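Asker: Sequence:
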Amino acid sequence: MYFINSLTGWRAYGSMRKTTDGGLNWTTQTLPSGGNFVISQITRFSNVNKDTIWGVGGHVFYPQNGNRGVIYRTTNGGNNWLFQIPDTSIHISFYEYVKFINKNTGWALPLTAGVHTTTGGDPVFYTGVKQVVVNTPGVYFLFQNYPNPFNPSTTIRFEIRNTSSVKVTVFDITGKEVSNLLDERKSPGKYQVDFSGLGYSSGVYFYSMIIDGNIIDTKKMILIK
Numbered sequence: 001m002y003f004i005n006s007l008t009g010w011r012a013y014g015s016m017r018k019t020t021d022g023g024l025n026w027t028t029q030t031l032p033s034g035g036n037f038v039i040s041q042i043t044r045f046s047n048v049n050k051d052t053i054w055g056v057g058g059h060v061f062y063p064q065n066g067n068r069g070v071i072y073r074t075t076n077g078g079n080n081w082l083f084q085i086p087d088t089s090i091h092i093s094f095y096e097y098v099k100f101i102n103k104n105t106g107w108a109l110p111l112t113a114g115v116h117t118t119t120g121g122d123p124v125f126y127t128g129v130k131q132v133v134v135n136t137p138g139v140y141f142l143f144q145n146y147p148n149p150f151n152p153s154t155t156i157r158f159e160i161r162n163t164s165s166v167k168v169t170v171f172d173i174t175g176k177e178v179s180n181l182l183d184e185r186k187s188p189g190k191y192q193v194d195f196s197g198l199g200y201s202s203g204v205y206f207y208s209m210i211i212d213g214n215i216i217d218t219k220k221m222i223l224i225k
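All residue numbers for the sequence shown refer to this note's numbering, where the first residue is 1 and numbers rise by one.
If you're looking for bench data, these hints aren't it; they were derived computationally from the structure.
Heads up, some of the hints might be wrong.
As the list claims (entries may be wrong) - Restricting the straight-line Cα-Cα distance to at most 27 Å, the calculated cross-link-like pairs of lysine-lysine (DSS-like) are:
| id | residue 1 | residue 2 |
| --- | --- | --- |
| 1 | LYS167 | LYS190 |
| 2 | LYS225 | LYS176 |
| 3 | LYS186 | LYS225 |
| 4 | LYS167 | LYS103 |
| 5 | LYS167 | LYS99 |
| 6 | LYS220 | LYS167 |
| 7 | LYS50 | LYS103 |
| 8 | LYS167 | LYS186 |
| 9 | LYS50 | LYS99 |
| 10 | LYS219 | LYS186 |
Here the structure is a predicted model, which is why all the values come from computation and not from measurement.
Take these sequences, add in the hints, and give me the full structure.
Answerer: See below:
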């Protein structure tokens, strides 16, 4: 939660809300979404003025590269929020703190990988994430697991219409591979594999179907104990 004066402030946990009357009433504002974009919580805010505000929290999940932390910005007092994935050689999966002293100069701090700083103001911002997959319409299908949420196990179904090398892999919220459910060549048909949550913590997991080395689709599942 962050207030720029006694009346105006924001709070976020999965959604962004703004108050202009000291917290008596809150209105929902639109945050970026789409693809594997996960907003767990905007943990910190930093305002340059009443219109320009920066925030950190959440990530975009890439099955091959894990999570990439994102930084949010609004230039109209929070009516619209954009985000960027900073161009850095340091693999930062989640930003914990942010501080900007003007529209161009600021610092973002993760918990484990040093400080990311900018003095030029990255001009590239996004409104959402489109999940990019191999274009194979009508050939490969990955279905939502069932049950979802699940405890302790769930079933993942898929269908292929060409003989292919098929791999089904599960990742945790940090992008670390936690289980390889299948890795073999399959003939056309419908298949299913089971994932057991025994030994794993409650939380969000992702599973990907990889065909002949290409990621076809990724879906999210939730383990609740």
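Asker: If any of the earlier hints don't hold here, list their numbers in rising order.
Answerer: Per hint list: 3, 4, 5 violated.
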